[in-house]
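**Q** So you can see what is in the structure, the chains are spelled out below.
There are 4 protein chains.
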Amino acid sequence: MNDIEIDEVATPELDDPVLIEGLPGVGHVGKLAAEHLLEEFDGELVRRVYATEFPPQVNVDDEGVAELTCAEFHAVRTDGADMLVLTGDHQAGTNAGHYKLTSTFLDVAESFGVERAFALGGVPTGELVEEYTVLGAVSDAEGKADLSDAGVEFRPDEPAGGIVGVSGLVLGLGGRRGLEAACLMGETSGYLVDPKSARAVLEVLETLLAFEVGYESLEDRAEEMEEVIGKIQEMQEGPSAADDELRYIG
Amino acid sequence: MNDIEIDEVATPELDDPVLIEGLPGVGHVGKLAAEHLLEEFDGELVRRVYATEFPPQVNVDDEGVAELTCAEFHAVRTDGADMLVLTGDHQAGTNAGHYKLTSTFLDVAESFGVERAFALGGVPTGELVEEYTVLGAVSDAEGKADLSDAGVEFRPDEPAGGIVGVSGLVLGLGGRRGLEAACLMGETSGYLVDPKSARAVLEVLETLLAFEVGYESLEDRAEEMEEVIGKIQEMQEGPSAADDELRYIG
Amino acid sequence: MNDIEIDEVATPELDDPVLIEGLPGVGHVGKLAAEHLLEEFDGELVRRVYATEFPPQVNVDDEGVAELTCAEFHAVRTDGADMLVLTGDHQAGTNAGHYKLTSTFLDVAESFGVERAFALGGVPTGELVEEYTVLGAVSDAEGKADLSDAGVEFRPDEPAGGIVGVSGLVLGLGGRRGLEAACLMGETSGYLVDPKSARAVLEVLETLLAFEVGYESLEDRAEEMEEVIGKIQEMQEGPSAADDELRYIG
Amino acid sequence: MNDIEIDEVATPELDDPVLIEGLPGVGHVGKLAAEHLLEEFDGELVRRVYATEFPPQVNVDDEGVAELTCAEFHAVRTDGADMLVLTGDHQAGTNAGHYKLTSTFLDVAESFGVERAFALGGVPTGELVEEYTVLGAVSDAEGKADLSDAGVEFRPDEPAGGIVGVSGLVLGLGGRRGLEAACLMGETSGYLVDPKSARAVLEVLETLLAFEVGYESLEDRAEEMEEVIGKIQEMQEGPSAADDELRYIG
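As you go down the protein sequences, you meet chains X, G, S and U in turn.
Numbering-wise (my numbering), the first sequence opens with residue 13 and increments by one.
Numbering-wise (my numbering), the second sequence opens with residue 13 and increments by one.
Numbering-wise (my numbering), the third sequence opens with residue 13 and increments by one.
Numbering-wise (my numbering), the fourth sequence opens with residue 13 and increments by one.
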């Protein structure tokens with residue numbers, strides 16, 4: 013196969029669509045948020061992007077059918093805006109691969125007339141988050157006012173390590189093409205899949221693109237995660253309690 | 013040398029041959045199974061595939077002669093079906109290399125008229141296996157009925173981490189070419205070379221392709237492995253017994 | 013994007029400019045020194061070099077605007093000499109990438125008429141440095157006399173592990189092109205960012221290129237680092253003091 | 013620069029020259045042996061091979077002059093045979109790089125009329141070696157008799173892990189070109205630079221190519237290594253002796 017192959021599944025007319033990128037990353041925040049949009053708005057698969065930069069892997073679905081690893085674009089229509097949502101299970105495996113893939117993703121987006129993009133992701137805080145602030149970064153300073161109005165926080169020189177992977181390059185390469193791109197980063201511990209952070213990011217997006225979406229399924233996942241956190245805390249407390257007893261006995 | 017070089021050793025006429033892939037992987041299940049077919053049916057070497065993606069290595073045979081690392085295709089004729097069996101000592105070293113190599117393997121198979129493929133492998137359970145179930149995955153849902161009839165089990169979304177390497181891509185890239193491909197994965201602990209799991213996979217293949225094969229040599233290897241396992245268990249029990257004594261003395 | 017893309021920001025006339033390379037490396041000595049020149053002489057950005065060999069990353073500035081990772085050339089004019097100063101946040105990610113990038117950097121330098129280059133860096137000593145010796149290496153033995161006169165020390169076969177990265181290749185590839193190149197390596201512990209070592213390197217450069225520069229801002233950074241070192245030493249002494257007490261009590 | 017660049021330093025007429033490869037590897041046996049030939053027979057530098065697959069590095073000589081990492085061919089004339097000796101400080105950094113580099117090395121050798129090659133190296137035993145056996149492997153079974161007569165041992169399927177790197181490919185790729193290639197592997201512990209193993213390999217080569225060479229300088233290096241080994245053994249015995257005392261006291 014070629015280094016990159018694109019399957020054109022459908023090419024619907026979209027009205028001034030906005031690119032929403034949600035590939036795997038910190039806390040799976042971007043991926044959770046993007047997939048939530050697909051579920052809630054019944055996204056239509058429009059493109060599959062295969063790349064030799066992805067792991068050599070198939071995923072087996074619930075019918076036992078193997079699907080070659082790829083990134084997917086879905087068209088999503090809401091009352092507020094049309095979106096082209098990019099999701100997938102993998103990022104590229106090399107530096108150069110990230111650049112090549114993101115260039116391809118931006119080509120696809122351009123072919124649908126995209127002029128504006130949001131890269132969704134998480135920013136790790138290293139501790140459990142109580143209030144889910146959404147940090148922002150933009151390809152062009154003009155875009156900041158709208159984001160600030162929607163509750164996005166801009167902190168000088170943060171995130172400290174920059175923004176890496178496809179999200180970073182949607183801003184970096186997108187900006188070089190004249191795309192109006194922003195990154196919305198939900199604060200998250202960085203240790204766990206974080207549906208609450210994904211919700212915080214989506215709430216900003218709702219304001220920015222004037223659509224409305226329900227959060228029931230994300231809340232269910234959040235509750236599951238709370239249980240996981242609860243069990244981890246128990247386990248952490250458990251052994252030390254046991255230790256105490258042992259010390260007492262010994 | 014070029015990135016990939018193919019030596020055409022022989023080009024026999026084969027009757028509707030089925031590709032059988034058995035490169036190294038979990039428990040060496042696929043490799044054991046494929047090599048067993050070559051031994052039992054006296055396979056005829058037809059192609060050698062050299063690739064700069066393989067390790068820079070020669071293997072020294074029992075005569076002291078060095079052979080450059082390669083993958084090999086053998087033609088195998090049975091009462092039930094003709095097969096083109098792919099074996100070798102290595103997988104590719106990079107993501108892109110896996111895609112390039114598997115594409116080449118599928119090209120070779122096509123040149124022999126292959127329209128159907130079985131990728132043989134193991135699926136790790138993490139514990140010693142008593143009953144050797146064979147899990148399946150297919151490139152197309154239509155292929156499932158025959159496999160189920162032959163005792164293959166389909167479990168939704170399993171294996172959880174997908175199928176990686178050449179086996180995965182025989183399904184993924186093969187499926188994209190219209191090849192009818194399936195993966196047969198014998199359960200195996202994942203810790204040891206597992207001839208019993210290879211036999212379980214071959215028994216499924218016997219049913220599917222209507223041939224018969226003896227298992228004496230695989231049984232011999234299985235017995236050798238049992239001895240190895242026995243010794244490991246002894247060693248694991250040994251020290252703790254010694255520990256007990258020491259504690260008793262101390 | 014292409015593997016390497018060069019933005020031509022400005023193309024001022026420079027009088028016999030000298031290339032000064034200061035990319036990240038041991039103790040960030042080269043980077044600190046090069047950036048100090050840019051600050052003190054108000055460098056003019058002339059080229060940005062983007063490369064798919066760099067990490068897929070944007071850095072967020074103090075306004076929240078994301079900038080794609082790149083290397084930059086600035087024109088710097090002093091009383092003594094004009095300079096073309098190369099700085100950036102990253103080196104390449106692969107062997108071949110280092111060669112390709114450095115070749116590009118040398119092409120850019122040539123396009124400005126550069127015939128002479130200084131690669132600035134640090135050489136690790138493994139212990140805190142009291143006197144900051146500057147070690148030298150040259151692409152051509154003829155260049156040694158001037159450097160020795162300026163206080164640069166030449167030690168046979170040092171640094172023992174050679175000079176790696178872009179600095180090494182400015183000498184190696186530059187030398188093959190007929191560029192008169194030298195590496196100036198300030199001794200540094202190797203554990204910390206070292207503004208004092210950067211100053212030692214710059215003082216040599218002042219003598220060689222007959223310019224004068226102030227060091228106030230580097231001194232401020234040096235003082236900050238002294239404080240950091242002080243705190244580290246306190247921490248190291250702290251626990252052992254506590255240990256002593258515990259031993260005393262125990 | 014190009015991926016590979018070859019400097020033609022000299023092109024002397026050689027009489028049926030034999031390629032001797034001695035790049036870094038186990039115990040530096042091959043490198044020591046090849047460099048010994050250069051020193052004793054006053055080799056003439058004929059080619060330098062630069063490659064972007066090598067580390068991005070310059071080595072600084074005893075004059076402070078930096079030399080870009082490369083592999084070198086020297087012409088060596090002896091009473092018995094002319095040799096083309098390949099040495100250097102590095103192997104390639106990737107699988108594909110090993111193949112590309114070795115292909116280039118074989119091209120250079122062919123341009124000098126080489127039809128026969130010896131790859132020199134070490135084979136690790138994991139323990140200190142008393143008698144330095146030299147193991148062999150050949151590209152063609154016909155070459156075995158001469159080697160056996162010269163004291164080379166052939167052991168079925170050894171070395172177990174095959175022969176990797178440039179040495180392996182001189183046999184593997186060389187054999188595919190019709191080159192008569194052999195690998196001479198001196199047994200060595202694998203933990204230390206081993207001049208004695210290098211001598212054992214050279215003594216075999218003397219017999220095969222009917223030349224004579226002195227070993228004084230290798231003996232000096234061997235004595236230095238004996239001292240190193242002695243010190244290591246002392247250190248190993250020291251603490252355990254101390255341990256015994258502590259136990260006694262305690």
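Among the clues, some could well be false.
Intra- or inter-copy, both count: the list cannot distinguish identical chains.
Said to hold, decoys possible - Subject to a maximum C-alpha distance of 20 Å in a straight line, what follows is the list of computed SDA-like cross-link-like pairs (lysine to any residue):
id, residue 1, residue 2
1, Lys156, Val225
2, Lys112, Arg188
3, Lys243, Phe53
4, Lys112, Asn14
5, Lys243, Asp152
Since the hints were made in silico from the structure, they are not lab data.
Source: prediction; values computed, not measured.
**Q** Could you run down the list of hints and mark each one as holding or not?
**A** Results for each hint:
no., hint, result
1, Lys156 <-> Val225, "neither (24 Å within a copy, 39 Å between copies)"
2, Lys112 <-> Arg188, "within (15 Å within a copy, 22 Å between copies)"
3, Lys243 <-> Phe53, "neither (34 Å within a copy, 55 Å between copies)"
4, Lys112 <-> Asn14, "both (13 Å within a copy, 9 Å between copies)"
5, Lys243 <-> Asp152, "neither (44 Å within a copy, 40 Å between copies)"
Violated hints, listed in ascending order, are 1, 3 and 5; each of the other numbered hints is respected by the structure.
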